[in-house]
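Peer 1: At position 19 of the sequence shown the residue is numbered 19 (our numbering), and the sequence of numbers has no breaks.
Watch out, some of these pointers could steer you wrong.
Beta-carbon label-pair distances, calculated as ranges [as the list claims (entries may be wrong)]:
id : residue 1 : residue 2 : range
1  : A90       : L64       : 39 to 45 Å
2  : L33       : L64       : 15 to 21 Å
3  : V45       : L115      : 21 to 27 Å
4  : D87       : R13       : 28 to 34 Å
5  : E48       : T98       : 31 to 37 Å
6  : V104      : H36       : 45 to 51 Å
7  : V104      : E66       : 45 to 51 Å
8  : P47       : G124      : 26 to 32 Å
9  : W89       : Q58       : 42 to 48 Å
Calculated directly from the structure, the hints in this document are not laboratory data.
Glycine included, each C-beta is placed from N, C-alpha and C at the ideal position.
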Amino acid sequence: MPTAPAGTLYRGREGMWSWVAHRVTGVLIFFFLLVHVLDTALVRVSPEAYNAVIGTYQTPIMGLGEAGLVAAIVFHAFNGIRVILVDFWAKGPKYQRTMLWVVVGLFFVTMAGFLPRHLMNVFGGGH
Numbered sequence: 001m002p003t004a005p006a007g008t009l010y011r012g013r014e015g016m017w018s019w020v021a022h023r024v025t026g027v028l029i030f031f032f033l034l035v036h037v038l039d040t041a042l043v044r045v046s047p048e049a050y051n052a053v054i055g056t057y058q059t060p061i062m063g064l065g066e067a068g069l070v071a072a073i074v075f076h077a078f079n080g081i082r083v084i085l086v087d088f089w090a091k092g093p094k095y096q097r098t099m100l101w102v103v104v105g106l107f108f109v110t111m112a113g114f115l116p117r118h119l120m121n122v123f124g125g126g127h
């Protein structure tokens, strides 16, 4: 089995998967922001069309999409701090794997606090 060159962080393990997840969440957040700017700009063109578009967002499917958006933002934010530490802290590369597991733990704690209330609102239990 081939091995990665000495000194690389990404060897198909946690570091590589966090790298991939960081890029994927970044692209997803970018596309959300693009759609958000476009649908918000619609209010200046046609308030009626804007209201129709916003009405389509108030569905359980979009509520689940909002949960996915929050998950992407939370992971991207926590992992971004980890990336900064890996890049700019002298001991960052040594502790990159440990920091990833801290990111994963913070992600689950944050989402555990957010999801129950959000899903109650999405599915009618929190009105």
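Peer 1: Now look at each hint and say whether the structure bears it out.
Peer 2: Right, here's what the structure says about each hint:
1. Range check, A90 to L64: Cβ separation about 42 Å, and the 39 to 45 Å hint holds.
2. Between L33 and L64 the C-beta distance comes to about 19 Å, which sits within the given range of 15 to 21 Å.
3. The given range of 21 to 27 Å is broken by V45 and L115, whose C-beta atoms sit roughly 35 Å from each other.
4. In this structure the supplied range 28 to 34 Å is violated for D87 paired with R13, their Cβ-Cβ distance being about 19 Å.
5. Checked against the hint of 31 to 37 Å, the pair E48 and T98 fails, with Cβ atoms roughly 54 Å apart.
6. Checked against the given bound of 45 to 51 Å, the beta carbons of V104 and H36, roughly 27 Å apart, lie outside it.
7. In this structure the supplied range 45 to 51 Å is violated for V104 paired with E66, their Cβ-Cβ distance being about 22 Å.
8. Between P47 and G124, the C-beta spacing of about 28 Å keeps the proposed range 26 to 32 Å intact.
9. At about 44 Å, the beta-carbon gap between W89 and Q58 stays in the expected band of 42 to 48 Å.
The earlier numbered hints that this structure contradicts are 3, 4, 5, 6, 7.
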